[in-house]
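Chain residues, written in single-letter form:
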Amino acid sequence: MVIKVFKNFIKSIFSKMFKSKEDIKLGFYGPPSVGKTSLANRICKDFTGEEIGKVSKIPHETRKVGFKEKVEIEYKGKKLMFKLVDTPGIATKIDYEDFLKYNMKKKDAKKRAKEATQGVIESIKWLDDMDAVVIVLDATENPYNQVNITIIGNLVARKIPVLIVANKTDLKKADIKKIESAFPEYEVIGLSAKYGENLEEFYESLFKLVK
Amino acid sequence: MKKRKRGKDLGRIKGFSIQFLPYSEIKDLDSDERIKKILSIVLGNNILILQGKLKADEEARLIGDTMAMIGHVANFKGIELAVITGNDEGNIYDKMKFGMANFLTGGNVNAITIIGPASIVKEMKRNPKKIELLLNG
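Sequence lines, in order, name chains C and S.
When we follow my numbering, the leftmost residue of the first sequence carries the number 291, and every step to the right adds one.
When we follow my numbering, the leftmost residue of the second sequence carries the number 1252, and every step to the right adds one.
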């Protein structure tokens, strides 16, 4: 009996130790064309020297969930191991004709639209698997988009910690205060993933979030 | 009777209608049935004004199901969706009143959800106090 209790105790200690060494699954969520992949790339490049995915001016460039395992982020002497999960932008409508404006052939536009719809479904499915989520928003756009509210609502229901990033602060139209007033319960970090501006504040908030 | 093809009228602004659905109509439905009911209204070329709002996971499922239909239902490009809730502000009495109403009805009846097919509704501009619908010309 004593041996059994001792064995269980050792087992639980080991499983806890093992669990604490698991990578933190950090998801990047948001509408299309807000800079999710740009931010994930910036982080990956800073700590691994590699990128996670391709970026483009054409919406729905990321149509499959992208991963980067073993990304060790170091901030002020502390280190945490992450698995970065870059997700396709979530939208409520996708029209292949929108892609034609980018000089895309009809056949390619239709293919892109089909892949984009599947990407949205995949993003939603992945919500359950995240340990923490960075919601990336375009600081030049109206934040009162139902997609943003739906994503946050789902994360709250699943008790997943959320950090909001107001990206594209390098642009004149950027309005972080508007995002802050739309989501007063959350910390909003303004940054420019493209130019790597204000990443320090982002890492500080990220470490607080996953602590 | 000849069966009408689903999505046949989608995209025709001429002939679209606005349907109001009281919360009591979806109150006793499960998530599958709620989404099915909503999509059947939207696919009938209607803008739906729903009293109350869906649960967060139902909204996500609605988006997922919508995406799965694009390319499979003729002229269907997705939906525009907006929810406005009115009990964020107000005094304690108002909050209690809304809280009691929500308790009795089993849902947030102080919210309004608007859902329309993207072929008709170009954009729903939302701010904390109003929703503006821009229709395709």
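Just so you know, these hints were derived from the structure itself, not from any lab.
C-beta: ideal position from N, C-alpha, C; glycine also.
A hint or two may mislead.
[To be verified] Quick partial rundown of chain S residues pointing at chain C, CB under 7 Å, derived from the structure:
id : residue
1  : A1311
2  : I1314
3  : G1315
4  : A1325
5  : G1329
6  : I1330
7  : A1333
8  : G1337
9  : K1373
We went through each hint and held it up to the structure:
1. With 7 Å as the threshold, the beta carbon of A1311(S) comes within range of chain C, its nearest partner Cβ sitting at about 5 Å, so the hint holds.
2. Below 7 Å, beta-carbon pairs count as interface contacts, and I1314(S) has one with chain C at about 6 Å; its hint therefore holds.
3. A cut of 7 Å between beta carbons decides the hint on G1315(S): the least distance to chain C is about 5 Å, and the hint holds.
4. Interface restraint check for A1325(S): the shortest CB-CB distance to chain C comes to about 14 Å, outside 7 Å, so the restraint is violated.
5. Among the interface hints, the one on G1329(S) holds; its C-beta lies about 3 Å from the nearest C-beta in chain C, closer than the 7 Å criterion.
6. Annotation: I1330(S) was flagged as interfacial toward chain C, and the flag holds, the nearest CB pair being 5 Å apart, inside 7 Å.
7. Hint on A1333(S) holds. Least Cβ distance to chain C is approximately 5 Å, under the 7 Å limit.
8. A cut of 7 Å between beta carbons decides the hint on G1337(S): the least distance to chain C is about 15 Å, and the hint is violated.
9. The closest approach between the C-beta of K1373(S) and any C-beta of chain C is roughly 10 Å, which is over the 7 Å cut-off, so the hint fails.
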